[in-house]
Amino acid sequence: MSVVSDVAITPEPESVTSTRRSGSVLRDALSLWRTRIGLVLVVVLVAIASFGPYVAPHSPTAFVGPPFSSPSANARLGADYLGQDVLSRFLWGGRGILAMAALATAFGLVFGSLVGLLAAYSRNWLDDVLMRAMDVILAFPQIMLALVAIATVGPKAWLIVLAVGLTTLPRVARVTRGAAQPIVERDFVGAAEALGVPRYRILGRELLPNIMSPLMVELSLRLTYSIGLIAGLAFLGFATSTNGPNWGTMINQNRIAIQTEPWGVVLPVLAIALLTVGTGLVGDGISRAAAGIDRGRPSE
Amino acid sequence: MHSGGIWGFILRRTLLGLLVLAVVSVLVFAATQALPGDPARAILGRSATPESLAALRAKLHLDQPVLQQYWNWVTGLLHGDLGNSLANQEPVSTYLKPLIINSGFLVLLSGIISIPLAIAIGVWAAVRRDKAFDVGSSLITLLLAALPEFVVGVVLVVLFATVVVQWLPAVTQVPPGGKPWDDLKGMILPVATLVIAVTPYVARIMRASMIEVLESDYVEMARLKGLRENTVILRHALPNALGPTFQVIAINLAYLAGGVIVVEYVFNFPGIGGALVGGVTNRDLPVVQALAMLVATVYVVLNLIADIATILVTPRMRTTL
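So the protein sequences, as listed, match chains A and B.
In terms of the numbering used here, the first sequence opens at residue 1 and continues consecutively.
In terms of the numbering used here, the second sequence opens at residue 1 and continues consecutively.
Watch out, some of these pointers could steer you wrong.
[What the hints assert, rightly or not] Okay, derived cross-link-like pairs now, SDA-like style, lysine to any residue, Cα gap no bigger than 20 Å in a straight line: (1) B/LYS59 to B/TRP71; (2) A/LYS156 to B/ASN282; (3) B/LYS59 to B/VAL74; (4) B/LYS131 to A/GLY292.
None of these hints come from the bench; they were simulated from the model.
Using the sequences plus the hints, can you model the full thing?
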């Protein structure tokens, strides 16, 4: 699923265009169980990814036993395809994915919302030009564009971040434009224009605060996809380093021995699954709170 | 709004799709130009003589201006001539043809299963809104939609082909020259992975669209006329709710065209996914370019069909044209 999509996971995307303040939306979202569970998952996995390297018993590239050997006192969860410690590589393996996914999502969100706001506010040829340019990027599945880029330059970290960010951009731009269009027509925007408020301040002070809820939903949704995409590229063999510790790479390296030594596959699969489910749940919680669906029964 | 009625609409959308594809082709072609180094040297290796390099450059038309090279490439594409693979010197079209058929079969089979399934889940969840089925299916589709497809694939392998039980093969084994339908058992897990990856989206959009329609005035009107609930749902609500779903079906079929890349790799399925990963690893740009153009074309065409189908099946939208 990570490759798609212009379709939000949100059940009622069109009703997200609420003008409720982002603070109260977040507070409402936190009163939902799904948001809390999602948040706990995200916090735990981010903690493992960030602090894991400090508590890892071995270096991720140290040899601790014969390849695919079973758990022992030295290697608690066994050894991988080269005889490296599975537990240590797991503890090291989330950092890179998480950092790259965060950067790519930030890139897509910042420039995507900028393009969307400009398009919605301009209401003229600029709108058409911007959105047709977005259509060109949308003509590729996200992973396809990343693979074309990697074929040309090689699996560099900056390139993967840029490719994932660039393919996230038009998806965010579409949502932003859709959410901002009805707000552009409102009186306070016309009033600000009449007062001669500069354009960038209208975009930043009048429009942006009113589309924070859909943007927060987009943030968690796009982060979910970026994590899956970057881990997926590593799984295909396109990580920044061929033997660097990386959850995606680990799954691919150890899956031939999945039957005798499953930890090397099961741990990273669980980590990626729980992380993406966590960000997905948080996104769904925010979108429900923004739509006010559960206002009457906040704790489900 | 716009003029020209339904045919004007179709014409405008088609032209727009062609424009997008033209820009896409420039981007994909530009990827070759960004390649560091000389393709002729990459093919012939370090020991090549200047004469043989010059001869190969002339043969590959590398000595011509960039615009001429682009024109040659695009006209070749339109005639089905995709150039030769840099890795094995075989014509790209010969190499890719059987793989495209295999992947097409995988996508088609997954689509045939997932789309009706998703529509049924979405409609039933909307009709039984906030009841047990709706709450349960909403949660399950939410969780599944968040999982990357290679994770779904590997989990299925762990559950059904290796660690837990060994009922199904973990890889699809198509003999050389054979077809994937020769190994239907080996296709169960790849198809299941794609179905699990794609169904949640269509189901969620279908549900949202159906709820909106069920709350509309004309459904209320049909109910007030005293029509039976089944008639209201199937004859009045469903056709209007299907409109937006066509978009989603198209997006998801197009998504399948991208999703197969990773899923095929998980199951070692002989399709475009393996060819693409191999092409990227070997920097075999003609293969990568051909597949990029193929997938982009599929995307654009499916979206075009969806836009037109939406207008045609949605009774209330025909009048706004």
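Verification of the hints:
1. B/LYS59 to B/TRP71: holds (16 Å)
2. A/LYS156 to B/ASN282: Holds: A/LYS156 and B/ASN282 sit about 16 Å apart, inside 20 Å.
3. B/LYS59 to B/VAL74: Cα-Cα ~17 Å, so holds.
4. B/LYS131 to A/GLY292: Holds - the C-alpha atoms of A/GLY292 and B/LYS131 are around 19 Å apart, at most 20 Å.
No hint from the list above goes unmet by this structure.
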